[in-house]
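Participant: The residues making up each chain are set out below.
There are 4 protein chains.
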Amino acid sequence: VITQKEKHLQGIFAPLTTPFVGEEIAPDHLAENISHYNRFDLAGYVLLGSTGEAVYLNDDESEILMKAARDAVPPGKLLIAGTARESTRGTIRFTNCMAGLGADAALVRSPGYFKSRLTPDALALHYQRIAEESDIPVIIYNIPVHTGYSLTTETIHRLSSHPNIIGLKDSSGNLGFVGEILEQAPRNFDILLGAASIFLPGLIMGVSGAVIALSIVAPEHCLRLLRLFRNESWEEARRLQLDLIPLNKAIIQTMGVAAAKYALDLTGFYGGPCRSPLPPLNKQEEDHMRRILEKLHLIEA
Amino acid sequence: VITQKEKHLQGIFAPLTTPFVGEEIAPDHLAENISHYNRFDLAGYVLLGSTGEAVYLNDDESEILMKAARDAVPPGKLLIAGTARESTRGTIRFTNCMAGLGADAALVRSPGYFKSRLTPDALALHYQRIAEESDIPVIIYNIPVHTGYSLTTETIHRLSSHPNIIGLKDSSGNLGFVGEILEQAPRNFDILLGAASIFLPGLIMGVSGAVIALSIVAPEHCLRLLRLFRNESWEEARRLQLDLIPLNKAIIQTMGVAAAKYALDLTGFYGGPCRSPLPPLNKQEEDHMRRILEKLHLIEA
Amino acid sequence: VITQKEKHLQGIFAPLTTPFVGEEIAPDHLAENISHYNRFDLAGYVLLGSTGEAVYLNDDESEILMKAARDAVPPGKLLIAGTARESTRGTIRFTNCMAGLGADAALVRSPGYFKSRLTPDALALHYQRIAEESDIPVIIYNIPVHTGYSLTTETIHRLSSHPNIIGLKDSSGNLGFVGEILEQAPRNFDILLGAASIFLPGLIMGVSGAVIALSIVAPEHCLRLLRLFRNESWEEARRLQLDLIPLNKAIIQTMGVAAAKYALDLTGFYGGPCRSPLPPLNKQEEDHMRRILEKLHLIEA
Amino acid sequence: VITQKEKHLQGIFAPLTTPFVGEEIAPDHLAENISHYNRFDLAGYVLLGSTGEAVYLNDDESEILMKAARDAVPPGKLLIAGTARESTRGTIRFTNCMAGLGADAALVRSPGYFKSRLTPDALALHYQRIAEESDIPVIIYNIPVHTGYSLTTETIHRLSSHPNIIGLKDSSGNLGFVGEILEQAPRNFDILLGAASIFLPGLIMGVSGAVIALSIVAPEHCLRLLRLFRNESWEEARRLQLDLIPLNKAIIQTMGVAAAKYALDLTGFYGGPCRSPLPPLNKQEEDHMRRILEKLHLIEA
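For the record, the sequence lines run as chains A, B, C and D. Under this note's numbering, the residues of the first sequence are numbered 1 to 301, in order. Under this note's numbering, the residues of the second sequence are numbered 1 to 301, in order. Under this note's numbering, the residues of the third sequence are numbered 1 to 301, in order. Under this note's numbering, the residues of the fourth sequence are numbered 1 to 301, in order.
What the hints contain is simulated information worked out from the structure, not anything from laboratory work. It is possible that part of the hints are untrue.
Copies of the same chain are indistinguishable here, so a pair counts whether it falls within one copy or spans any two.
[Claimed, not checked] Simulated crosslink set (DSSO-like; lysine-lysine; CA at most 30 Å straight-line): (1) K115 with K283; (2) K115 with K249; (3) K77 with K249; (4) K67 with K249.
Taking the hints into account, I'd like the entire structure generated from these sequences.
Facilitator: Here you go:
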């Protein structure tokens, strides 16, 4: 449990997929996947994030999944819930619902629907109210590819000293932006990267960890990259970072959650289908994924 | 009630705001507003659209509002519900929930969250499944400013002959796009414009009506524009179209739903606040709105 | 010649292609094309525009082409030159060079390279200096697809009363934007549309003409559309407008100048190749163009 | 001189400003600035780049500036010329003109005007022809903020093994993109970063140097960052990287070339005005620049 604002968000957090059987959620498969992941030295998990197809789940389903996850995650690993709704009040309610079920912190994506009216002041107020009224610590989530805009460094700077806002997950892919925040933010404000292709350069810049979909498919590789960085084994680290880029590109930019789930099915986890309208991989995409996984020795050739 | 696919979507549909008292929904004020609007020759209403801050409402609230609206809307006017969810299955369920409460048709915004994976095929399949399983007719809704992309004319063309897809609301602002669809679509596929600033030119092009926020603030003006078009009073129509542009710009591009609600408060309707994080107008914006309303004789100078 | 600021920009202006033989300019073919076009009731021509691949020409080539065009364009038709350079001073110099060779007016695209620093004030100053120092009247040119931004209606409004700025060519495709300018601008400030797919709706809105690539391939059709509008033959006009959309889409959005030149080669004009890096049409694109031209009876099936 | 394709593009290259007196070029001030810069351990210079306002210069002016620069740059430092024109042929001609005046290599920005028609094949052909016909080695330049699109990693990969294409300058700000190229490209294909805010993380990733506007204002700081990286003084390097971000943001994102020139005027170089339409800094912007320069001890407080 996070008891006060200090360096907590360190290491690699795996953003869990939501297992479906047909179109129904399968909390047992979720628990099973988590128990597999528990073997690795991950810092924790994010439930109900983008990789978890959270926008496809209703509140009842989300609660069932949180209960299953809470039981499966051992002490010593953080369980973070994605809790953003478009309204301030909806976000607070759902955050406290998740807190009641045992979530350790809330990852709150900035609202996007009325983006042209969401001034820096309106966004700061949104996060301040959530931070005030939330029972668990809040992590700001900046993901322009989904929201259609980036939070400004000024807005994040204003929020970074709030006692209940402990950090930022940034998926902008822009390390210059991250650097500007690192230059301004208090030391106990943690930054997690959301882009695995720049994990090593981000660590050099000063981020304390990452929430990366790559880690659900290749947790060992991601953790090794972190160890190589900590051991200052630069050349090996650089080589591994570059090697991981094709897999990350396939999962993130090109084929998305369906690719991650396909890879899980091939590597001993439960992947299963995505909910519609997300399409499954076609034959060609499946072949491409297999080749990448083979190259990284995640499956046999 | 719409009994078969024919020209139904003709005329002006008012996209209703959701009245709040504090942050609570106020269905009585909704009913009251509708009874005011019933005096005008509007073709119907859209409940739970963008102007209705639908993304800020949960399902329970949405149902209460639909019941109140259904009671207030007389036969002869259509009551259309915005029913989009990100998932296909969530959209179908909520559409049929609204159908059960008396909605005449469903306006279904295209999903946006995983846009990079939503191929034309995936989007066509999404709408086909919704159309198959929905108890009421479906209207496709293209609004790039909120979804981050535009449906293609090819996708719309594929869907336009489905017996349960009766039309399109297009808020792209791009009449070339609309023209391309008009050139291809069957005659019983209706197009409603979502952009009041190009209503007259759109009518010339062949759209059959509009769903425009302007009509909740200035219904008389919008209806007069439609009559002038039908009477071929071109010069007067052109003049009125241009006169309406500043009010429309204030509501749509610049100040949003808060501006519409502020105007309602000044003109005998119930406006009230927006839900957070949408900010209220500042003093300067209020003055700007007053001046525009005075110029159109919607309030006294 | 334009002697004072009054309604001059009325009707359809054909944006001429630049004929090449190999990669060398072919002024004789330009003159020949113009003499063909002179048979039609076009209001004039634009030389050195986007359709003329002006960015691929150096100053010497531009001068040779202007001399050839000036000799070929009869009195009674305007010869407008595209004269934009990125710098204010470069634009003034090239404008006056073209003026010296007989251009009747200058079409000046807004600069784009340093767009983030080009504030409304900087852009207004740019056009004011050009207007002051230019020997011929100036037409503002707004084309976001090439410059990466749109001029604001406020900037255009500020410039619209300058005695040497006679109008605007708008290629934004956004009639709401055009309407806002029409609502504000003085009566002697003419607006030419740059988007053929919305020519009829634009005429209804109040534009006085168009500069459209469609008119170099299908001048008769474009002129008939204008006549139908002037005669208030709405239904026929609407039908023709919709019929022209596929050809316009092919030339403008999909296949560009190479498609226009291919069509010219098939219809008795000189088309020829584009300069590199613009690629020629592939076989499939050629077939697509042929089918569109056949459908409009521009070539035999 | 570059005699064969091997690691040449190592270290920091300063993109020179073009000094103007009034609106006239001032080659003597250019020579003077270069002789100042020669005291530093820079790897070379880029003349006629974005920072050099190259789009505001005609060919005659460009030649005069190249002659002045060639005389001022000593052996042992590379003199690279920005030589892009929109057409392939124009680029080849200007590249060979610069080669004739002594440029060591050509930095060729990808063409942008007809971007929708510039397929990967067309762009590859463009660079291949330039590489074949150019008398000096070619460096590809990817700068989406100016061209409106990014070259793909596939296109760059295709070009990276051409014997006369020695490297890439990337100003996308996206290290994931850079990483993907590093993972694919041959070892003798050098990558220079164009974004100073991510110089350190880029070095970790494997870039061999940078062309950064920051280095014309703060060459000593940039060179120290490179030395700290080479000495593996990570903590100091990280600290310096973050310290440099505000100055870089001011020059690059916010105030542009005018800010760089203002800083030069304050630090013993010749800055002078920009060409119109680029506006000068306003009073508030000047104060902001002064404060940043003071903080970095580039001027006295």
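Participant: All the hints need checking, so say for each whether the structure fits it.
Facilitator: Against the structure, the hints come out as follows:
Within a single copy, K115 and K283 get their C-alpha atoms only as close as 38 Å, which misses the 30 Å cut-off; across copies the closest is 21 Å, which meets it. Taking CA atoms no more than 30 Å apart as the test, K115 paired with K249 passes in both settings, with 28 Å inside one copy and 16 Å between copies. Within a single copy, K77 and K249 get their C-alpha atoms as close as 27 Å, which meets the 30 Å cut-off; across copies the closest is 38 Å, which misses it. In this homomeric assembly, K67 and K249 never come within 30 Å of each other (Cα to Cα): the closest approach is 32 Å inside a single copy and 45 Å across copies.
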